[in-house]
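Peer 1: Input sequences plus hints: build the corresponding full structure.
2 protein chains.
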Amino acid sequence: MKIDPSSSANLSAQIAKAIRDSIISGALIVDQRLPSEAELADQFEVSRPTVREALKRLAAQSLIRTQRGATGGAFVNKLSFEEAYPQQITTSTLLLSMNAVSFETACEARYALERSCAPLSAQRRSADHLATMRAEIHRQGQPGLTDEAFCASDVAFHRALVDGAGNPVLSYQLAGAVEAMQPLMNMITFSARDRARIIELHTQLADALEAHDASGADTTLAELEHYTTNLARSVMEKRQKTT
Amino acid sequence: MKIDPSSSANLSAQIAKAIRDSIISGALIVDQRLPSEAELADQFEVSRPTVREALKRLAAQSLIRTQRGATGGAFVNKLSFEEAYPQQITTSTLLLSMNAVSFETACEARYALERSCAPLSAQRRSADHLATMRAEIHRQGQPGLTDEAFCASDVAFHRALVDGAGNPVLSYQLAGAVEAMQPLMNMITFSARDRARIIELHTQLADALEAHDASGADTTLAELEHYTTNLARSVMEKRQKTT
DNA sequence: CAAACATTAAATGTAAGACATATGAAAATT
DNA sequence: AATTTTCATATGTCTTACATTTAATGTTTG
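Those sequence lines, one after another, are chains A and B. The numbering of the first sequence is my numbering, which starts it at 151 and goes up by one. The numbering of the second sequence is my numbering, which starts it at 151 and goes up by one.
Hints listed in this document are in silico derivations from the structure and should not be mistaken for laboratory results. Bear in mind the structure is a predicted one, so any value in this text is a computation, not a measurement. Please note that the accuracy of each hint is not assured.
Same chains, same names: a pair is fine if it fits in one copy or spans any two.
Distance condition first, Cα-Cα at most 25 Å in a straight line; then the derived SDA-like pairs of lysine to any residue [as the list claims (entries may be wrong)]:
| no. | residue 1 | residue 2 |
| --- | --- | --- |
| 1 | Lys228 | Asn336 |
| 2 | Lys167 | Ser230 |
| 3 | Lys388 | Val180 |
| 4 | Lys167 | Asn227 |
Peer 2: See the structure below:
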């Protein structure tokens, strides 16, 4: 069924790949139980620890789940959007921090993607999404809010906007782009005037979505992008002067 | 440094999480060597196989790489966009196939995202990107091309469009959306007339990008989405009739 | 007879020790 | 001085063993 070319090295990686390919190709279907570790060890002619290492690799990608006990074993996991979010966010975050992606580049990507959701969100947003956005706007206006909390609320606001499009695939893709920006955003200090302006734009955005006004939402998002980029630039410049 | 609450179970998952968090927080930086497996086993007070399972989990996410030999060990890996692509594509593909995402939903997401790249691509596309697109258009016109090869060329064409935006973050996000569509697209049979129309739109798209015409590219993409969706719908209906 | 309890078997989770193998660095040889 | 050999150290793998979880089975008891 799934053979293993007796090539060079890294048996556990090879075994993991063989099983992963079987899942992707559909040979192994959701909730199907894999053979026990001992059986897999026999099948691939390796030891049980090696099989276990392979299974852990797959578990790390949420491709399988394991259960202990009599009827336990490894089962093909139904990969849900909820499960995939954290991985997507972790990967995106590390990609940005490890590759020295500039704030401009990340910001441009984020707003480009978000603007692609705006027309759909203007059309389909539910009252729930609007309520979440209004609630976050309200929170952003609270006095004594830390910069980090302000950023977190900003993320929640924008995720509600994206979710309003009612397309899980879009929400999944956007989660990475929006959340991965947070560490970069956290480097910014938001003055009271900055916050007021951002809240103003957020309100404008929520109003546009409430009125099913796609082009208004798009325009506001463009302004928001412009404002955020300039804000980051001025913060960077100021920081460079002091050092 | 990285402690392990002596809670319930799944030691290897806990250890993996501890190390992963250290990488995300920046306590472990790129190319830094982790302690040897034996040292980690001492540190966490577990056995070496357990440590190894944890390391394999991290290796599966490309967070570390291992080297054998005297100066070997586990090193924090610099996660590159190139490395992240395949994982992103695998996850996106499985998400679509396991969650019964409709063709319409996937298609809508894909084109929404792609349209967000169009203005940037119209502005920045290099001669190289244009050449790739023209080459793929030419391939799509070859007689005797299988449906699968046509789809593969379609993917290559659209990836060139996306890459033309010159934003690696966008390219990364889009790779998942575009490539994950391929299994769905492969279910479609493209008649000669369909192909001709698609090639026509592709040409129009390349022309618009060459002329730095953002709105023209956007309009064409909208038409392409419309055409693809309708095509899929009619294929599905025809298939339902015969059964 | 039925419900509560104890037993058992099968599976994963963990541990310990051993050997194989790769690889760079130091030591020995030419 | 250049080359070869040796060696220490690390991961890769195997073997065996025991712990733990869990459901099914068997047993006892009201």
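Peer 1: Pop the pair Lys167 and Asn227 into one bin, within, between, both or neither, using alpha-carbon distances up to 25 Å.
Peer 2: For Lys167 and Asn227, both the intra-copy (16 Å) and inter-copy (20 Å) Cα distances are at most 25 Å.
Peer 1: Checking Lys388 and Val180: alpha-carbon separation at most 25 Å within a copy, between copies, both or neither?
Peer 2: neither (54 Å within a copy, 28 Å between copies)
Peer 1: Should Lys167 paired with Ser230 be assigned to within, between, both, or neither, using CA atoms and 25 Å as the limit?
Peer 2: both (21 Å within a copy, 20 Å between copies)
Peer 1: With identical chains treated as interchangeable, where does the CA-CA distance between Lys228 and Asn336 reach 25 Å or less: within a copy, between copies, both, or neither?
Peer 2: between (35 Å within a copy, 22 Å between copies)
Taken one by one, the earlier hints fail for this structure only at number 3.
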